[in-house]
Amino acid sequence: MATQSTSEGQRAQSAGRVSRRRFLGGTGAGLLVASSGGPFLNHFARSSGSQAAAVQGQWMSTTCQGCTTWCPVQVKVVDGRAIKVRGNPHSTANHGQICPRPHLALQQVYDPDRIKVPMKRTNPLKGRDQDPGFVPITWDEAMSTLADKMMELRASEESHKFSVFRGRYSYLRDILYGSVPKIFGSPNGISHSAICAEAEKFGAYYTEGFWDYRDYDLENTRYVLCWGADPLASNRQVPHAISIWGEVRDRAEIAVIDPRLSATAAKADEWLPVMPGEDGALAVAMAHVILTEGLWSREFVGEFNDSVNLFKNGEAVDEAAFTEIHSNGVVKWWNIELKDRTPEWAAERSGIPADQIRRVAIGFAKAAPASISWVSPGSCMQARGGYAAMAQHALNGLVGSADSKGGTTQKTKVPAETVPDVGPYQDEIAKKHSKEAKIDQRGTLAFPVLAKGKSGGGVVTNNVADAMLAQDPYDLKVVIAYWANFAFSCSGTSRWEEALSKLPFFAHITTHASETSYFADLVLPAAHHMFEKWSFLKSKQNLHGYSTLTQKVIEPMWDVRQDETEIPWMLAEKLAERGFDNMLTYFKEQFADPETGQQPTNSEEFALSATKFFTQACWNSEHQDYGKYGDRLAGWQDFVDKGVWNSSRYESGKKWGAFGTVTKKFEFYSETLKKSLTAHAEKHSSTVDAVLEATNYTARGEQAFVPHFEPALRWGDEGEFPFVFFEHRSRLNREGRSANCTWYQEHKNVDPGDENWDDVLKMNPVDAKRLGLNNRDMVSVESPTGKLTARLKLWEGVRPGTVTKCYGQGHWAYGRVATQDFHKRIPLGGNNNQILPPEYDRLSGSTARHGGVTRVKVVSV
Amino acid sequence: MTNERWGMVIDLHRCVGCGGCDISCKTENNVTEGFHWSNHIIETRGKFPDVNYRYIPTLCNHCEDAPCVANCPTTAMHKSDEGLTLHDPDLCIGCAACMVSCPYGAIYRNDEKPHSRWRDEEVAIAGCTSSGKEVAEKSGEEIPHYNAERAETYKGIRPKGIIEKCTMCDHRVAKGKDPWCVESCPSGARIFGDLNDPASAPRKALAKHPPRVLQKEKGTDPHVFYIRDY
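So the protein lines, in turn, are chains Z and E. Those letters in the first sequence? Residues 182 to 1042, by this note's numbering. Those letters in the second sequence? Residues 14 to 243, by this note's numbering.
Hints in this document: simulated from the structure, not taken from any laboratory. Cβ coordinates follow ideal geometry from the N, Cα and C atoms, glycine included. There may be inaccurate statements among the hints.
[What the hints assert, rightly or not] Here are some, though not all, of the chain E residues that point toward chain Z, as calculated from beta-carbon distances under 10 angstroms:
{"hint": "1", "residue": "C34"}
{"hint": "2", "residue": "K60"}
{"hint": "3", "residue": "E147"}
{"hint": "4", "residue": "H158"}
{"hint": "5", "residue": "P199"}
[Claimed, not checked] Pairwise CB distance ranges (calculated):
{"hint": "6", "chain 1": "Z", "residue 1": "G604", "chain 2": "E", "residue 2": "D133", "range": "52 to 58 angstroms"}
{"hint": "7", "chain 1": "Z", "residue 1": "E832", "chain 2": "E", "residue 2": "R67", "range": "36 to 42 angstroms"}
{"hint": "8", "chain 1": "E", "residue 1": "N65", "chain 2": "Z", "residue 2": "N490", "range": "36 to 42 angstroms"}
{"hint": "9", "chain 1": "E", "residue 1": "Q228", "chain 2": "Z", "residue 2": "S1041", "range": "37 to 43 angstroms"}
Here chain E stands alone, though its shape is the one from the complex (with noise of 0.2 angstroms):
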């Protein structure tokens, strides 16, 4: 029996650059400010009144040959069956290889705990605003939105000590949804699927235009690939 091998196609033809997808992933993935699963890259290119402006949405390439795999000392950071590049908090020790190593700057490393936000007591206007502590506290989370499904396959919110990077959603995908940033997306843009079945979105999406990915002279072999131009 083949597994899947999931993996993205992202039609910059279709993306229009809003960042929805950066910012619903904050929602679904508990992710703390400055950090970025989902990111983009963009560009302005040319003189004024020939200039070209392109947004490139950015996530964790998942590669088949991952860097960040490779170097890891421990195996937190491996490949799943089904060809995810995911990472294992238990067994992370902190040392930033995957960071390092990663040519795509999609992982991240908590230094301190995340979301001091949310523990912070002081107030803008005393007795009449709260705090961020006040808020975390009457919601009964560390986070007031937090979304309780990510601790499904992923701690919740990754300690201070670890790095954390996207997992494609591996908690919705293994419920046979697509990940959070590829509902969000309004454009269409984003197309998660199976790239071992012929007849998946993604690789329809592969067959009709010639795809690209992210520094390829790096070979690290990513699934998330780009078609069409911004």
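So here's chain Z without its partners, still in its complex pose (with noise of 0.2 angstroms):
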């Protein structure tokens, strides 16, 4: 083979030209193997000390976890190195695709700004503008730092003053976030979900019963009506709907309701520039629309006793009139809310002509019951947004379209253990310090936060930095922060910087500084999810629910750990050292492998131990739901090697008639949310007039229980504050982690209206030049709250009297790339969270980030 392909060589070097043809002769890659040493390959062959013989590796299967979409993917490992990536063959949800975001994360993995060892603070006064003076020390003093102060507020029974924060996490976040705060004795595991996405599943809640997110069925869809919803580019399911995206063009209207030129709204039929924060109007037109013209589904909905349509501009009908099906309270809905709701009236408030309301109403209705009203955090993770989400997704209902083939659907199960029991292991203190009231106030009068219909259900995220500084209802004191860079990602940053500040004990694992990790006392490094660590993910896109692992494919570089599950054990070692060892004893005897009955025996042999216990239904043929739900896989290595488990197909219709809510049926008048409500209200012996009031809603009365429309709230005056600022997502953002990435800025123009290397606002020419703007112009952007330095966009993709910018630049820690220098902490743009106010939709205790929560004034600097 050698002689062969080296004269082979010869022959083409000598024809002065390189031809692959006669180069190759059909002999294949083994050629290239075994003549790398030959005459001519040293032409091509020769590069950065690796010959072309050393080219071998293997796709070691993991998980993306860039945004919530959670995709398989696979690694290319050769020698240890992780060099490229690709979708999972083997995954049914992605088609093997993926999207730009994991082939950032090589750039994560390896980026030198990483922290390589645990460091502590030697500078005690903590802020923005203090050194902390981080220096290296080793694991076992991070770790008998952090168990000391843990134990100093047990002896103290104070152990309610400790927490846990958790930003991204995966589903071993049960053990760090869920045990250890009940084992130690608080109740404070305090998640990041309200900044996220907590509104829109209020919307499917309190119609369908359903809290989550609901998939789409693209491949027989005929409309798809897109309420802020990008799914070209983020959130969620990226790499099903871009793979599938031309097919649903072909097919289907699409009609996308954003306030800037989206990625979406770029390839859509229809785009509708809302007003930000007037998503909720033009839901409830559509609403009338669809009854007024006689478009509802008869066969969800129902009809008409005598098939007449009563629904008529401004007349309220009478309930007996018309009987339902599956659904409840249509008449009350249209006599309570909709009557009146003319798209000439949503026109004024939204900004979209009365016209093309009417066509996309009619359009979307017209396709039932292969339609989708896809509801996405844009349009209702606002101020009052809840109701904005349950009016966005009663479309689906009104049509018939909810779980309908091309229509939305619920989830398929995918089987996984629930966290052990922790009842056993806690003792005195924790039993009694585990039932203080959480630090978030949720569940109070003004914070009700609806989850799952319950008062109190959820989190608050975003108060939380509040409760802090009003010690109310006490003060926290020992907090250890993970994958959470709540100082950047919570609207009212500086409340977060004061907080933290005057925290007395703070531990932030982390990958890179970010800017939380800069009012902490110990910053310990973790390792990267999709290439360092063992866990799991449960997801769904194009109708299959997945378990995905995440596996440790490389050996890290760094003396980093797994965030979920090394660094508890080894505070669980150190508490035990220190007499408390019921943390590891738990640990061990409920985290054994199940395949080999063996207990863990060190924070290595946890993690592993601990992703197999959880998903060992997926894999492991003796267990009872072994098989039922989709993938018969041979076995953990198969697991391993495969790297996902698929479940089978959605099956549409079958919620018909029994949907999770009160009623079992698809409410319109929300028999559910009335529950609530008026739960949460007798709770606080108040009325629910009151709780509406005291959580700063417009409705009274019956308009509470129905999807309505309720006028955006705004923080600052007009006449000072002109612009409405509304921000949106990169398709780039691994969830604001992804700007210390080269690749990251020099890709940045493909989100449109973009620039690579900088974080524009982007502005209507129109309003520029009435105020003498350019474009490159370097602008401040104020809010009633805060301030940032931005360059300035002139783009026709932005309404007028509205500004915009992307999420994720701004950085003013995290790494050199990310910065404009880091060393003086100049931030490259601007965080848009300094300037957003710390609003929220209260019932479902949702950080308002989107609608147009403020007003900003645009100078130039």
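Given two chains presented individually in distinct reference frames, assemble the corresponding complex, making use of the accompanying hints.
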């Protein structure tokens, strides 16, 4: 072989040109390997120390957590190095495709700015302007210090003043975020969920009883109505949407409601650039059109008794005249909210012409049930946005596309173990103090947070800073935060800076020294989820649920640990050394390897055995759920090799008559919300109207129980702050963590309107001309609560009177690429959360980061 | 026997402008910061709210009448028997005649040794974070995610003083694989194959939809074709 191929190569060379045909000689890759030392190939094979012969490697399965799709991916590993990334071909959900994000992860794992050892603060003064004086320490010192601080809380009977802040997570979260505080004696596992998308879940829950994200039958749909949703770029099921969008465009009408010309709007039939925060007006107007035009689903909703449409503009309807089938309260909804919500009324508020509202509503309804009303955070993570989410999702009920072929769906079962009961491991202190009120004030009169129907059922992430500062219900003394950067990712960042500055002891688990790290006493270097960590995720795309592994596909370069398993294990060891061994005993006894029965003896074994424990139904043929819901994997190694367990395909239609609501029907008049709100009011010896007043909604009386319009709430006087500011997402954001990648910066203009290596404020040229501002001017953007500096970009893809900027840039920490000057803490651009006020949709607890929640002024600097 | 004539068809109807091609190309070909073998043209036209956004993925067009080849004084830039426009780094004198003559801006010159980031010795937080140099050294390669497969037909990393450009992943094509940008494209917009074969995927696509090329008036006869609209 070698001789033959060399001579082939020599012939090719003598011809003076590279001819691959001859050069290959039909022998394939083996030729290259065998001939790497030959005279010809020396021309081409020379490289940075690598011979072509060395190229082998293996594709290893893991998961990308760059967005919340959580795609099964594979990493090519050569000689222990990760070199490139692709979709996992075993995944039914993403068809083995990936969006741009997973590629960027290579620059995260090999980022020189990663923290390589634990570090501690040497300057006791805390603040954004303080140099923490970080110095490297050993893991032993770090964990001993943390354990000492925690034990002090138990000694002083204030273990509830300990908290774990969780940002992004895997499904091993229940160990550090769930069990650790409970066994230690604190109620304070605090998640990021309320800065994510809880208002969206609120919409689906109080209409069809489903507290989760929906899936969408894109393969069969005829109309896609995106409410702020930008599935070609972000949140969620991005690769599936990208891969099928060509067919969707061939088959379906696409309408996108978004104040910015988003990636999806750019490839849609209709763009409805709504005035931020007025999505609810559009939704109820569309419902009005669907009813007055007689386009509701007879099969799902029902019909007038005499088949004559009595839904006429402005006219109330007798409830007895209509017989409903799978929905509840359509006539009530009409009478309470819809009868006067004409497209003309909505046009004035939303800036969308009435004829376009009418056209889209009719198109959507006529395509039904193969039509999708796709609710996203952009259209409801707004002040009072829970009702907007209900209205948008209610359109699916009105046209019968909820749980229909070509419409929206719920989810398939993805089997996983629940976290073992901590009860037997809680001592008296733990039992007593884990029952204290949680720090975030959930469930108080002004924070109903009606997650899954329960008062205080969810978190109020962004209120934790205020609660800490007010010491209400008490002060926090020791906090561990992981995979969280609340000093960057929560609106009203200055409150977090102050609260974290005053926190007596703070340990931050993170890959990079982020903004939040700068307030920490200990910074603990985390393994990168996609390359260096054992865990698993549950998600769905393309009507398939799946369980997907993250694996330690490479040995980390640095002294990092897995955040959700190894670090709690090491903490438990240190606590045990100090006489409190309940946590370590729990880890050992409850997370034995399901294959061998062996208890873990060290942190790495714990990481692996916990992953195996939670996922065993997917691969262990002796498990009661094995094979019941999808793939039958041939044991643990098969799961490791394939990396993903796929569920069977979702079967639409089974929820009709069996929705998870109080009435089991799709509720236009939400008995479910009425029950929850009433229970919350009664808990506080109050009334529903008083709750609505305390929570800043405008609705009173029966309106509280139907999807309805609430006016946009904006901070700032229009005279002083003339522009409505709104933010959007990037198709390259790995949840605000990729700005330190050069590939992010040098491709940033793939976000329509954006510029490479910059963080531009986009303004319509009409407004700029009026103000005498020019393209590329540096401008100050000031809201009532904060200020940032950015470069101006004049762009027609944004509504006059509004300005917008992408989230993700504006880091003053994190690394040298993400900042303009890391050492001087000068950001590249500005963090939107500095100017966004801490506002809420209080019924869901959500942070209102969208909806034009603040006005700003823009002046040249 | 007829040679293959490799070419690519890009279906703009399917393309979503995500940039996955651009970034994945960097990983496959060890392309340094600031160079874009795979690139794109973007354009926003019209007035609010009647706005049209276009995204056109670009790469070396592997022209039949390639000005870069015609103007290369050393024959470093040349056509392969299968129609690819390839570059022999050992013959390249870095004169940039190819760069200047390419109407598409698809050629880059290494004025400095590339990937300086991975030789940088500075650190963000002394003793606690690393440097580019330290990461590269620990990886055992010039860049930590170095793809040695690239070196099978080209310099794995192109040195200072010469130009570099897209080779349509000839190292992969040689093994019967698609270029990495094609494999990485999640939308299925990139269709690669033998334009001499009427049964090939690109020929079928071209038969179905009228093709366009970039700057047809230059007479370069590009072999990257565009079909349908973004």
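Practice problem: Hold the hint about K60(E) up to the distance rule: shortest CB distance to chain Z must be less than 10 angstroms. | Solution: holds, 6 angstroms
Self-check item: Status of the given 52 to 58 angstroms range, CB of D133(E) versus CB of G604(Z)
Solution: holds, 53 angstroms
Exercise. Starting from the range 36 to 42 angstroms, see whether the pair E832(Z) and R67(E) falls in it by beta-carbon distance.
Key: holds, 40 angstroms
Quiz item: Holds or violated: is there a CB of chain Z closer than 10 angstroms to the CB of P199(E)?
Solution: holds, 4 angstroms
Self-check item: H158(E) as chain Z interface residue, shortest Cβ-Cβ below 10 angstroms
Solution: For H158(E), the interface hint holds, since the closest Cβ of chain Z sits about 5 angstroms away, which is under 10 angstroms.
Self-check item: Hint check for N490(Z) and N65(E) - Cβ pair distance inside 36 to 42 angstroms
Solution: holds, 39 angstroms
Self-check item: chain Z contact restraint on E147(E) - CB to CB distance below 10 angstroms
Solution: holds, 7 angstroms
Quiz item: Are Q228(E) and S1041(Z) spaced within 37 to 43 angstroms by their CB atoms?
Solution: holds, 38 angstroms
Quiz item: Close enough to count: is the Cβ of C34(E) nearer than 10 angstroms to one in chain Z?
Solution: Since the shortest Cβ distance to chain Z is 9 angstroms, the answer is holds.
In this structure, every one of the numbered hints holds.
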